[in-house]
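Visitor: Line by line, the protein sequences are chains A and B. Following my numbering, the numbering of the first sequence begins with 62 at its first residue and continues without gaps. Following my numbering, the numbering of the second sequence begins with 6 at its first residue and continues without gaps.
Since the hints were made in silico from the structure, they are not lab data. Note that the structure is a prediction, hence the values are computed from the model and not measured. Be aware that one or more of the hints could be misleading.
Claimed, not checked - Using 30 Å as the maximum straight-line C-alpha spacing, the simulated DSS-like pairs for lysine-lysine come out as follows:
hint, chain 1, residue 1, chain 2, residue 2
1, B, Lys18, A, Lys62
2, A, Lys62, A, Lys172
3, B, Lys62, B, Lys18
4, A, Lys62, A, Lys129
5, A, Lys129, A, Lys172
6, A, Lys129, B, Lys62
7, B, Lys62, A, Lys169
8, A, Lys169, A, Lys62
9, A, Lys172, B, Lys62
10, B, Lys18, A, Lys169
11, B, Lys18, A, Lys103
12, B, Lys62, A, Lys62
13, A, Lys129, A, Lys169
14, A, Lys169, A, Lys103
15, A, Lys172, A, Lys103
16, A, Lys62, A, Lys103
Stated by the list, open to error - Incomplete in silico selection of chain B near chain A, CB under 7 Å:
hint, residue
17, Phe111
18, Ser113
19, Gly114
Beta carbons: idealized from backbone N, C-alpha and C, even for Gly.
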Amino acid sequence: KQEVTQIPAALSVPEGENLVLNCSFTDSAIYNLQWFRQDPGKGLTSLLLIQSSQREQTSGRLNASLDKSSGRSTLYIAASQPGDSATYLCAVSYLQTQGGSEKLVFGKGTKLTVNP
Amino acid sequence: KAGVTQTPRYLIKTRGQQVTLSCSPISGHRSVSWYQQTPGQGLQFLFEYFSETQRNKGNFPGRFSGRQFSNSRSEMNVSTLELGDSALYLCASSRFRTGRLQDYTFGSGTRLTVV
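Work out the full structure: start from the sequences and follow the hints.
Guide: Listed below in structure tokens is the structure:
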């Protein structure tokens, strides 16, 4: 069964701290991996997309790494700010043999609170 | 550019009723996927449509169905609603079906409450 696990489920840090969010997946035959941000009552915003052939992606204060062989990804947030407070979701995609479409499997997320 | 539009934003229904949710993808996007998000199960894949054809389906009962129109807009229908169907239903669109770099854009969701 294809499962994605995110640890920790919740994290509270003071402003300015660097932090790491973890994501692990059981089936390493992934197509892509994406990190999303979800604000309360809102949809998902894509933060970083890593193709299976890549090792990492960076955008501003965010850096995501991917280790397919160990089934792990990390999202590093530098110099955290109160505006970073949200739930961060990790999703892996798999190509479906039937229909050839791509299916996303999500973790349950890490709820991040950055305190001023 | 306009994003993915989901209507309605909020919905309250009674057990046993049916409901239809709508999703309008970004212009030019032909793939639409639907997800159910609950606190206990997280985000779970419902189904995906491309060019009016269902390409893939998740592990949900037959009460959950969907369709896509020629303008790529999609609807999902849930019949005989149960309390456990209360959730945030998210729609995502992407430009390509497969074989390309997928970059999903999500809508803000429809919050369905079944009482």
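Visitor: Of the numbered hints stated earlier in the document, which are not met by this structure?
Guide: Hint 1 contradicted; others consistent.
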